[in-house]
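Trainee: Protein chains in written order, with this note's numbering: chain A, 3 to 106; chain B, 3 to 106; chain C, 3 to 106; chain D, 3 to 106.
Keep in mind that a hint or two might mislead.
Identical copies carry no separate label here, and so any pair may be met within one copy or between two of them.
[Said to hold, decoys possible] Calculated lysine-lysine pairs in the DSSO-like style (CA-CA distance at most 30 Å, straight line):
no., residue 1, residue 2
1, K89, K14
2, K105, K14
3, K105, K20
4, K94, K105
5, K94, K106
6, K20, K89
7, K106, K89
8, K94, K20
9, K89, K105
10, K106, K14
Hints listed in this document are in silico derivations from the structure and should not be mistaken for laboratory results.
There are 4 protein chains.
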Amino acid sequence: MSLNDVQHQTHKWISQFKEGYWQPHEILARLTEEVGELAREINHQFGPKIKKTTEDTNEIGDEMADIIFTLSCLANSLNIDLDESFKRTISKSYSRDNQRFEKK
Amino acid sequence: MSLNDVQHQTHKWISQFKEGYWQPHEILARLTEEVGELAREINHQFGPKIKKTTEDTNEIGDEMADIIFTLSCLANSLNIDLDESFKRTISKSYSRDNQRFEKK
Amino acid sequence: MSLNDVQHQTHKWISQFKEGYWQPHEILARLTEEVGELAREINHQFGPKIKKTTEDTNEIGDEMADIIFTLSCLANSLNIDLDESFKRTISKSYSRDNQRFEKK
Amino acid sequence: MSLNDVQHQTHKWISQFKEGYWQPHEILARLTEEVGELAREINHQFGPKIKKTTEDTNEIGDEMADIIFTLSCLANSLNIDLDESFKRTISKSYSRDNQRFEKK
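Just chain A, same shape as in the assembly (with noise of 0.2 Å):
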């Protein structure tokens, strides 16, 4: 599945409801509230509380597919294409970072 059909799976669920898109501020509160559930989730499995008996990464994942899924709602009302976005990341980091770190 493409960055772009990430989207555009959001967006068909998204388009059922009446509701629609929230606003930037109310989707960020949501991507808030999403980040802390997978905290939670980290601190569960590698933090100092009791351990789980099955170490479950799908729920990490899970948690994960949340925030994409949160970040592809705010992407969408904002018209913006996360595929170009990623691209131009990864393109700066090869001309920027590139000397940054020590290298194998």
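Add chains B, C and D to chain A, keeping to what the hints say.
Mentor: Using the frame of chain A, we list chains B, C and D on its own:
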């Protein structure tokens, strides 16, 4: 670019360096930092501060791309397949949340 | 209750248990989780979701208290005096940011 | 300085300016930004990046003070008494979570 490509491009970048992937809590802290930078941009463009002369959604897109890159680092370091997680999430939404909101 | 009392009450609570204070990254993850819960409450009461029957700011206050408790754990574990830090911040604001916004 | 003083000092600062308090979602976005700055400091001092020459916990304290200031703005704008909320939280912990962890 597919979610698999995103994870592959991230791995290609990271594996150039001796440092490798950080620990889950360290990547989570970085994610928190990146979400904070997105929050600053949202307040700049849609919030109470003095508006920028041009509505530059590129910067918001770039912050989102940094979040996706950081998520991709976490996924790679834990062998999580984001494509699979995202498909599972969307599919769960259709079976579970389909009646939660008012349809068009 | 003073900020010193807050830190002292927090310490009294934590020092009952064998576990003691967590590592800084673990406390930060907990803080991220608590901020996420505040974000959920903000969206519940001021956002797009169906409004609660009573506007219950108590719940928002409780989430803020959880954030203060978590900050206080981090401060205690690093021997940081929040009272001193807060006074320094306010004092810096008066000398630095005083002309940044339009006065009444 | 008591939590009431913190809220009073915050109000004294804010009420100098025409702008006044922001909307809850805008203050939350600012909180997210401040938590991100704390996360950056935690990674600087305890994380994978090159360590600073001096362990400067002052900077961590300053980021925490910024978070407390932002919480205090939110509390003031919603007429929430943080002192009361904190006392309620501690008191609930003693009645509810007292047996949750292993005692010393």
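Trainee: Compare the structure with the hints numbered earlier in the document and write down the numbers of the violated ones, lowest to highest.
Mentor: none
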